[in-house]
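So the protein lines, in turn, are chains A and B. Once you know that position 108 of the first sequence is 108 in full-length UniProt numbering, the rest is easy, because the numbers rise by one and skip nothing. Once you know that position 30 of the second sequence is 30 in full-length UniProt numbering, the rest is easy, because the numbers rise by one and skip nothing.
Worth flagging that the hints you see were computed from the coordinates, not collected in a lab. Predicted, not measured: the structure shown is a model, and the values here were computed from it. Ideal Cβ positions, reconstructed from N, Cα and C, are used throughout, including at glycine. It is possible that some hints are incorrect.
Said to hold, decoys possible - Some residues of chain B that are not near chain A, with every Cβ distance over 10 Å (derived): (1) 8; (2) 53; (3) 54; (4) 96; (5) 127; (6) 215; (7) 247.
Said to hold, decoys possible - Computed beta-carbon distance windows for the label pairs: (8) 65/A <-> 259/B: 24 to 32 Å; (9) 168/B <-> 165/A: 42 to 50 Å; (10) 40/A <-> 183/B: 39 to 47 Å; (11) 48/A <-> 20/B: 52 to 60 Å; (12) 136/B <-> 232/A: 46 to 54 Å.
Said to hold, decoys possible - Going by beta-carbon spacing under 7 Å, a handful of chain A positions derived as facing chain B: (13) 216; (14) 245; (15) 246.
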Amino acid sequence: MVRAVPGWLHIVGIIFVALTALILLAPLIVVIGVSVSESQFIAFPPNGLSLRWYQEVLSSNAYLNAAWISIQIALLVTLMATAIGGAAAIAIHRRQLPFSDTLATVFLSPLVLPTIIYAIGMLMFWSSVFGPVTPLTLALSHTAIALPYVVRTTLAVLAESDPYLEEAARTMGANRLQRLWFVVVPQCFPGLAAGAFFAFNISFDEAVLSLFLRGPTLTTLPVQIYSQLEFSPDPSVAAVSTIMIALTIVLIFVIDRMLGLTRFASA
Amino acid sequence: MNDRTENLLLALPGILLLGLAFFLPIAQMLLLSISGPEGFTLAHFVRFLSDPYYLNILWRTVRLSVLITVICALIGFPLAYIMTKVGPKLRLGLVVIVILPLMTSVVVRTFGWMVLLSRSGIVPELLRDTGLVGRTFALMQTEAAIVIGMVQVLLPFMTLSILGVLTRIDGKLEEAARTMGCSFLQTIRTVVLPLALPGIVAGSLLCFTLSASSFVTPNLLGGTRIQVLAASIYKSVTATPDWPFAAAQAVILFVGILLVLVPYIKLTGAKHG
Numbered sequence: 001m002v003r004a005v006p007g008w009l010h011i012v013g014i015i016f017v018a019l020t021a022l023i024l025l026a027p028l029i030v031v032i033g034v035s036v037s038e039s040q041f042i043a044f045p046p047n048g049l050s051l052r053w054y055q056e057v058l059s060s061n062a063y064l065n066a067a068w069i070s071i072q073i074a075l076l077v078t079l080m081a082t083a084i085g086g087a088a089a090i091a092i093h094r095r096q097l098p099f100s101d102t103l104a105t106v107f108l109s110p111l112v113l114p115t116i117i118y119a120i121g122m123l124m125f126w127s128s129v130f131g132p133v134t135p136l137t138l139a140l141s142h143t144a145i146a147l148p149y150v151v152r153t154t155l156a157v158l159a160e161s162d163p164y165l166e167e168a169a170r171t172m173g174a175n176r177l178q179r180l181w182f183v184v185v186p187q188c189f190p191g192l193a194a195g196a197f198f199a200f201n202i203s204f205d206e207a208v209l210s211l212f213l214r215g216p217t218l219t220t221l222p223v224q225i226y227s228q229l230e231f232s233p234d235p236s237v238a239a240v241s242t243i244m245i246a247l248t249i250v251l252i253f254v255i256d257r258m259l260g261l262t263r264f265a266s267a
Numbered sequence: 001m002n003d004r005t006e007n008l009l010l011a012l013p014g015i016l017l018l019g020l021a022f023f024l025p026i027a028q029m030l031l032l033s034i035s036g037p038e039g040f041t042l043a044h045f046v047r048f049l050s051d052p053y054y055l056n057i058l059w060r061t062v063r064l065s066v067l068i069t070v071i072c073a074l075i076g077f078p079l080a081y082i083m084t085k086v087g088p089k090l091r092l093g094l095v096v097i098v099i100l101p102l103m104t105s106v107v108v109r110t111f112g113w114m115v116l117l118s119r120s121g122i123v124p125e126l127l128r129d130t131g132l133v134g135r136t137f138a139l140m141q142t143e144a145a146i147v148i149g150m151v152q153v154l155l156p157f158m159t160l161s162i163l164g165v166l167t168r169i170d171g172k173l174e175e176a177a178r179t180m181g182c183s184f185l186q187t188i189r190t191v192v193l194p195l196a197l198p199g200i201v202a203g204s205l206l207c208f209t210l211s212a213s214s215f216v217t218p219n220l221l222g223g224t225r226i227q228v229l230a231a232s233i234y235k236s237v238t239a240t241p242d243w244p245f246a247a248a249q250a251v252i253l254f255v256g257i258l259l260v261l262v263p264y265i266k267l268t269g270a271k272h273g
């Protein structure tokens, strides 16, 4: 047996991984640190320890309104993207349409196109055809960029499913709708669930489309944070950001419980 | 109802949504970029390509995107490789460390870098204390700040792209190379690296595309004086507002990205049949 890795390289590897992890996590740690600071000013390491900035956030109308808009839009996007994307994935998987391959490309194309290019198009098209942008405009655009994720996760699950189950249901007398609802959809469930979490996360964190399609009454949480950062950041921005990080941690935990993070990361 | 109708009905909502809220808007943007007060015009493109100010922005965008992509690849490959070699517990931990920033809003992460890189932030202080830089050294509002922030934002994409390919490599190939007398580094160079190349290339394309088209991090870390193309587009939409010119800049960005993507798709397409 040959020795796996030379000793010096092993140590270099450990230092390398530790440094990389530090770089990846540093901004998040700093944000959390600033949010519990007592000081008026943004400082890290924090001076003192207090939750006053969380109090500030929870009594700020600007933040609460933005959070409420973000949650509503994210829930609508989750619903639309999961239903529409799941249905499309089932159709693509069956390969009975004459243009199945093209269809798959079409549904994955929002993934390739830079969001900023799409955001401009959406703003220009919508305001020249339908008038000022509404929350629905933003929700539709978030759905478009979330669709590829739902389609991909659902297709991945369908690829491992048993095609004969549907056949069996058919010979037992189930009609089209029953076969779809009781046989195909339950098989898709892990993929649909993963796609739904992605859709929520994408919509809730998305900044580019939200910045282009914002209006006086249409400000999502990331846009609110962005404006604060541009003009007058105080530790309350850090408190909001920490809440968003906490939400992400919860989402990751749920995805790991439902699907296994390692499997999903190397897919 | 036959099978085809059923599948068409399933796909229809998605086709309608993408048609109405994705492809039509992009078509509209393309049209707007070549339309002036008197119909067809290329004036917006001429304006961009003949002004040294905008050419400088274009050059900076390309330069920074390439630099960010290269740094991401240099860190991402060893990180992904180590992730395939460690035990399942540590691997899960590393996956979380990579995915947590990826799933955190880019405004939140950029805020973290603003604190770290600011005048009194930890990073410049540390550099000043070690005497590597002078007393007046600052990082915010420099290209270096943009690169640091963007590498952290994009490293997860690169790492996951490479990880996906590395996990599918047969471990016996490495063992075979070692028993045949290759050293560890030789094995990496002659066996692992060539096999991981598709992942590195795919990750690099993703990083390049994303860094060329992002403006949130460059705007906040570089300030308004150091503009990149995407920031200039955002300015043309919100501050000026000059939509046709913004559309023309978006088309230039799009064409630039296609110039990088198409040769790759041609190359890999030819290789895999």
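Hint by hint, here is what the structure shows:
At roughly 7 Å from the closest C-beta of chain A, the C-beta of residue 8/B falls inside 10 Å, breaking its exclusion from the interface. In this structure residue 53/B is separated from chain A by more than 10 Å, as the shortest Cβ-Cβ distance comes to about 20 Å. The beta carbon of residue 54/B sits about 16 Å from the closest Cβ of chain A, which is more than 10 Å, so the claim that it is off the interface holds. Its closest Cβ contact with chain A, about 6 Å, brings residue 96/B to no more than 10 Å, contrary to its assignment away from the interface.
The beta carbon of residue 127/B is kept farther than 10 Å from every beta carbon of chain A, the shortest such distance being approximately 15 Å. Annotated as non-interface, residue 215/B brings its C-beta within 10 Å of a C-beta of chain A; the closest such distance is 7 Å. In this structure residue 247/B is not separated from chain A by more than 10 Å, as the shortest Cβ-Cβ distance comes to only about 6 Å. Checked against the hint of 24 to 32 Å, the C-beta distance between residue 65/A and residue 259/B comes to roughly 43 Å, which is inconsistent with it.
As the Cβ distance of residue 168/B to residue 165/A is approximately 28 Å, the hint placing it in 42 to 50 Å is violated. About 57 Å separates the C-beta atoms of residue 40/A and residue 183/B, a value inconsistent with the hinted range of 39 to 47 Å. In this structure, residue 48/A and residue 20/B meet the distance hint of 52 to 60 Å, their C-beta atoms being roughly 53 Å apart. For the pair residue 136/B and residue 232/A, the beta carbons lie near 25 Å from each other, so the given range of 46 to 54 Å is not met.
Taken as an interface hint, residue 216/A does not check out: its beta carbon lies about 14 Å from the nearest beta carbon of chain B, beyond 7 Å. Because the smallest distance between the Cβ of residue 245/A and any Cβ of chain B comes to about 6 Å, under 7 Å, the interface hint for this residue holds. At its closest, the beta carbon of residue 246/A sits 10 Å from a beta carbon of chain B; the interface hint therefore is violated under the 7 Å criterion.
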